[in-house]
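Q: Could you build the full structure based on these sequences and the hints that come with them?
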Amino acid sequence: MTKSFPNVLALRDVSIDVHPGEILALMGENGAGKSTLLKILSGDYQPDGGTVTRDGESLVFAAPREARQAGIRVIYQEPEIIPGIDVAENIYAGELPMRGPFVDRVRLDALVAEDLRRYGFEGVLPTNLMGDMLSSAQRQLVEIMRALKSGVRVLALDEPTSSLTDEEVERLFTLVRRLRDEGVAIIYVSHRINEILRLADRVAVMRDGKLVAARAASELTQGEIVRLMVGRELTDVFRRRPAVQDRVVLRAEGIRSDWHKGVDFEIHAGEVVGFAGLVGAGRTELAKVIFGELPRTAGKISVDGREASITSPTSAIRAGIGLAPEDRKREGLVLIRSVIENASLAILARLTRFGFVQRRLERRIGAEYVERLAVKTPSLDQEVGKLSGGNQQKVVLARWLAAKPKVLILDEPTRGIDVGAKAEIYRLIDELANDGLGIMFISSELPEILGMSDRIYVMQNGRITGELQGGEGVTEEQVLGLAMVDHLAMTAEQAKAAMEAEGQL
Amino acid sequence: MSAADTTTTTPTTPTTPSVTRPRRGRGLIRRVIAAVGVDNLSLVLALVLLVVVIGNLSPLLGISGGQFFWSWQNLMNSLAQSIVIVGLLAIGETVVIVAGALDISVGSIASVASVFSAIIVTQGVLGSFGAGSMQLAILAGIAAGVFCGVINGLIVTILKVNPIIATLGTLAAFDGLAFLIAPEGKPIGVVTQPEFTWLGTGRFLQDLPIPDLGGRPWPGVPVIFVVLIIVAVVMHVVMRYTEFGRSIYAIGGNATAARLAGINLRNVRITMYLISGAIAGLAGVLLTARVTSGNPINGRSLELQAITAVFLGGAATTGGRGTIVGTFLAVLLVGVLTNGMNLLGVGAFYQRVALGILLVGAVAVAQYRQARAERARTRIAAA
Numbered sequence: 002m003t004k005s006f007p008n009v010l011a012l013r014d015v016s017i018d019v020h021p022g023e024i025l026a027l028m029g030e031n032g033a034g035k036s037t038l039l040k041i042l043s044g045d046y047q048p049d050g051g052t053v054t055r056d057g058e059s060l061v062f063a064a065p066r067e068a069r070q071a072g073i074r075v076i077y078q079e080p081e082i083i084p085g086i087d088v089a090e091n092i093y094a095g096e097l098p099m100r101g102p103f104v105d106r107v108r109l110d111a112l113v114a115e116d117l118r119r120y121g122f123e124g125v126l127p128t129n130l131m132g133d134m135l136s137s138a139q140r141q142l143v144e145i146m147r148a149l150k151s152g153v154r155v156l157a158l159d160e161p162t163s164s165l166t167d168e169e170v171e172r173l174f175t176l177v178r179r180l181r182d183e184g185v186a187i188i189y190v191s192h193r194i195n196e197i198l199r200l201a202d203r204v205a206v207m208r209d210g211k212l213v214a215a216r217a218a219s220e221l222t223q224g225e226i227v228r229l230m231v232g233r234e235l236t237d238v239f240r241r242r243p244a245v246q247d248r249v250v251l252r253a254e255g256i257r258s259d260w261h262k263g264v265d266f267e268i269h270a271g272e273v274v275g276f277a278g279l280v281g282a283g284r285t286e287l288a289k290v291i292f293g294e295l296p297r298t299a300g301k302i303s304v305d306g307r308e309a310s311i312t313s314p315t316s317a318i319r320a321g322i323g324l325a326p327e328d329r330k331r332e333g334l335v336l337i338r339s340v341i342e343n344a345s346l347a348i349l350a351r352l353t354r355f356g357f358v359q360r361r362l363e364r365r366i367g368a369e370y371v372e373r374l375a376v377k378t379p380s381l382d383q384e385v386g387k388l389s390g391g392n393q394q395k396v397v398l399a400r401w402l403a404a405k406p407k408v409l410i411l412d413e414p415t416r417g418i419d420v421g422a423k424a425e426i427y428r429l430i431d432e433l434a435n436d437g438l439g440i441m442f443i444s445s446e447l448p449e450i451l452g453m454s455d456r457i458y459v460m461q462n463g464r465i466t467g468e469l470q471g472g473e474g475v476t477e478e479q480v481l482g483l484a485m486v487d488h489l490a491m492t493a494e495q496a497k498a499a500m501e502a503e504g505q506l
Numbered sequence: 035m036s037a038a039d040t041t042t043t044t045p046t047t048p049t050t051p052s053v054t055r056p057r058r059g060r061g062l063i064r065r066v067i068a069a070v071g072v073d074n075l076s077l078v079l080a081l082v083l084l085v086v087v088i089g090n091l092s093p094l095l096g097i098s099g100g101q102f103f104w105s106w107q108n109l110m111n112s113l114a115q116s117i118v119i120v121g122l123l124a125i126g127e128t129v130v131i132v133a134g135a136l137d138i139s140v141g142s143i144a145s146v147a148s149v150f151s152a153i154i155v156t157q158g159v160l161g162s163f164g165a166g167s168m169q170l171a172i173l174a175g176i177a178a179g180v181f182c183g184v185i186n187g188l189i190v191t192i193l194k195v196n197p198i199i200a201t202l203g204t205l206a207a208f209d210g211l212a213f214l215i216a217p218e219g220k221p222i223g224v225v226t227q228p229e230f231t232w233l234g235t236g237r238f239l240q241d242l243p244i245p246d247l248g249g250r251p252w253p254g255v256p257v258i259f260v261v262l263i264i265v266a267v268v269m270h271v272v273m274r275y276t277e278f279g280r281s282i283y284a285i286g287g288n289a290t291a292a293r294l295a296g297i298n299l300r301n302v303r304i305t306m307y308l309i310s311g312a313i314a315g316l317a318g319v320l321l322t323a324r325v326t327s328g329n330p331i332n333g334r335s336l337e338l339q340a341i342t343a344v345f346l347g348g349a350a351t352t353g354g355r356g357t358i359v360g361t362f363l364a365v366l367l368v369g370v371l372t373n374g375m376n377l378l379g380v381g382a383f384y385q386r387v388a389l390g391i392l393l394v395g396a397v398a399v400a401q402y403r404q405a406r407a408e409r410a411r412t413r414i415a416a417a
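Protein sequence lines correspond, in order, to chains F and H.
So the first sequence is numbered by our numbering: it starts at 2 and just counts up by one.
So the second sequence is numbered by our numbering: it starts at 35 and just counts up by one.
You can take every hint at face value.
Below, in silico cross-link-like pairs of lysine to any residue (SDA-like), each with a Cα-Cα straight-line distance of 25 Å or less:
#, chain 1, residue 1, chain 2, residue 2
1, F, 405, F, 303
2, F, 405, F, 252
3, F, 330, H, 401
4, F, 330, H, 274
Read the hints as simulated data drawn from the structure, not as lab findings.
Keep in mind that this is a model prediction, so the values were computed, not measured.
A: Given below as structure tokens:
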């Protein structure tokens with residue numbers, strides 16, 4: 002099966018099979034192709050080559066509805082729940098039992114109660130709760146109930162446990178096992194190795210759009226899985242020459258927020274500090290908390306040795322912090338305005354005399370940085386939305402260079418831009434650090450984290466789980482291991498004990 | 035067209051952007067077009083077309099009335115004065131709409147200011163100080179507008195109520211307030227205040243040696259029309275050249291990006307409602323002077339005409355696009371159309387239908403053109 006997107010081949014010739022009464026775990030790094038595979042199964046994407054076969058019957062899905070009719074169901078982390086109606090109506094949405102023009106409420110309640118009893122969820126999911134009152138776990142349950150009701154044959158779960166409590170996880174596991182025993186084929190996508198080893202019968206590992214292994218779970222260890230996930234050939238990524246100074250430009254102590262449970266870190270002048278972790282580890286949120294865009298409930302932020310009272314992006318900028326956000330189109334740029342207006346946005350107040358923007362000064366500064374970053378644009382007055390992704394990113398960078406911050410936070414600065422532009426961004430980051438800027442470098446691409454960082458923090462579940470010195474010595478396995486340490490679930494000992502208790506060892 | 039050219043011919047080697055203007059020649063025409071704005075050219079075209087049709091073709095078509103269009107009487111009395119109030123409200127509304135919000139309460143604000151200025155000019159403050167003073171009455175009206183505008187701003191920013199709902203609420207509340215501050219809810223006559231009513235009837239430049247037009251002598255320029263021009267020029271400058279104006283366009287284009295670039299959304303939004311309120315207040319004062327009465331219903335339903343003009347002038351409902359020049363041209367277009375239909379004897383009901391069709395038609399055309407430009411852009415990106 003092959004799926005390609007403009008510029009990127011997301012899946013290359015992947016063949017995967019799953020049997021009735023089996024739990025197949027699907028693992029891989031961010032961008033390994035797991036989601037794409039699921040979206041083909043669910044009918045959201047059409048493969049460019051290859052087929053989906055169920056019970057020996059070749060299937061083509063033009064739309065998600067057709068995949069559902071074929072008994073294939075994908076459950077995402079945040080399922081579509083209709084907020085204004087209750088659980089029972091959500092489960093039976095589209096197939097409500099009717100009596101004349103009215104919903105047959107009595108029969109509906111009976112049907113739902115029967116379904117819930119069958120799978121042991123009577124107490125967990127009150128049927129009269131409105132859709133928008135449900136927790137993440139309950140939303141997933143509703144979606145699973147929808148799937149079961151329509152006679153599912155293949156059930157795929159995408160990171161179902163990432164927002165569940167331990168107790169909810171256990172309940173979900175019980176349900177998944179029961180479904181397996183009823184003969185449903187289950188595909189289970191997760192980053193949590195402990196969970197996988199407890200739950201799965203077979204583990205398939207994907208990397209760079211290819212299937213690298215599919216083996217029985219009992220034959221695999223934690224270390225082996227990590228190795229399989231990483232094991233890519235070393236590409237020649239940029240390696241930077243360190244220019245770290247003693248001076249600490251950013252120190253965060255005891256940062257707590259809705260996402261973080263006490264995060265401490267520091268960034269020196271001239272240092273590129275990588276922040277690694279899997280999707281959902283809380284790195285983007287940490288950047289926004291530091292930048293005052295998201296509220297922090299506790300903790301201290303110091304810039305250049307002085308404590309900064311940061312309550313909003315405005316105050317963060319004043320303190321000397323800049324942020325190039327992850328989603329540059331939605332959060333970084335005013336796409337319908339010009340290059341120069343976007344580049345000068347963060348220094349507008351500084352360019353203003355008596356309320357008027359000094360346009361000559363603005364153009365001089367703008368031109369200087371646009372030139373330094375080699376932004377390819379026909380003129381400073383070009384609409385930013387008409388530039389390529391790499392050049393748009395450079396306009397965001399130009400904005401922050403013009404603001405002359407002490408710390409620059411770059412959240413996925415190379416996402417969605419082509420290889421050539423990536424190399425230019427690397428060179429630029431290197432140059433900026435050598436000029437004495439402290440750089441917080443968030444990236445989900447391990448090779449670039451390893452190549453660019455003087456030091457690496459690894460995050461998981463709103464915590465920093467490890468700190469590594471950069472350089473030749475660090476391996477992707479080390480980083481990934483820390484990123485999947487999994488505080489929330491259990492330690493290796495606890496996991497082993499639990500598995501023994503379940504009679505799996 | 036030109037965008038497509040320049041994008042595809044972008045050099046592949048890293049080059050510095052040309053800070054100088056890319057093309058030279060035909061300087062004057064280009065500069066005029068740049069000043070009006072390329073997006074506004076179709077408005078100018080429509081305006082010219084309309085004037086030609088009304089002024090010249092009506093005799094040919096056998097409809098009488100059009101020949102009166104080109105007379106000083108019509109241009110300087112009927113037309114110039116009729117567009118002032120809606121024009122002012124539309125200019126304030128442009129600021130709000132470009133920022134991606136809406137202010138439906140401007141008509142009610144004008145009513146409050148109309149009544150308040152009439153009270154001040156007839157009774158003065160603290161005893162009878164300042165009674166009869168035009169300047170004080172103007173100040174009072176603007177102050178009333180600022181007061182109402184700040185209330186709008188606080189509701190939207192502090193209470194975080196959606197702008198449409200917030201100003202829908204204050205539309206009703208300010209309308210009621212206008213009746214409450216008027217003694218017994220009745221209109222206050224200001225005919226006895228000649229200094230003040232000069233605002234409504236006065237003229238500048240009456241002595242200029244300008245020849246007759248359409249058999250009518252040069253009557254001078256109405257004072258209220260001059261006020262409109264001054265406000266339009268000031269707001270044009272504010273929107274284009276000040277930090278505030280830049281912030282308005284940035285917020286309307288992408289509020290999140292603006293906030294993450296350090297722009298204080300709350301301050302800008304409060305200021306923008308304050309400005310919209312102040313201009314509506316000024317419009318209320320002029321209303322009082324024009325109709326020689328501070329009537330609580332003076333401003334009713336004017337907001338609809340103002341908002342219509344802003345969208346007709348090319349502003350986007352999603353914010354980030356729109357200019358004072360465009361709004362002014364749209365106000366003029368609607369004014370000429372109404373004036374022409376009056377001259378041609380088109381009934382009032384037909385006129386309203388025609389205006390509705392004009393708005394919907396103009397926005398539909400703009401949407402179509404934007405969608406086409408969008409498609410062209412994605413084609414370039416894919417190439």
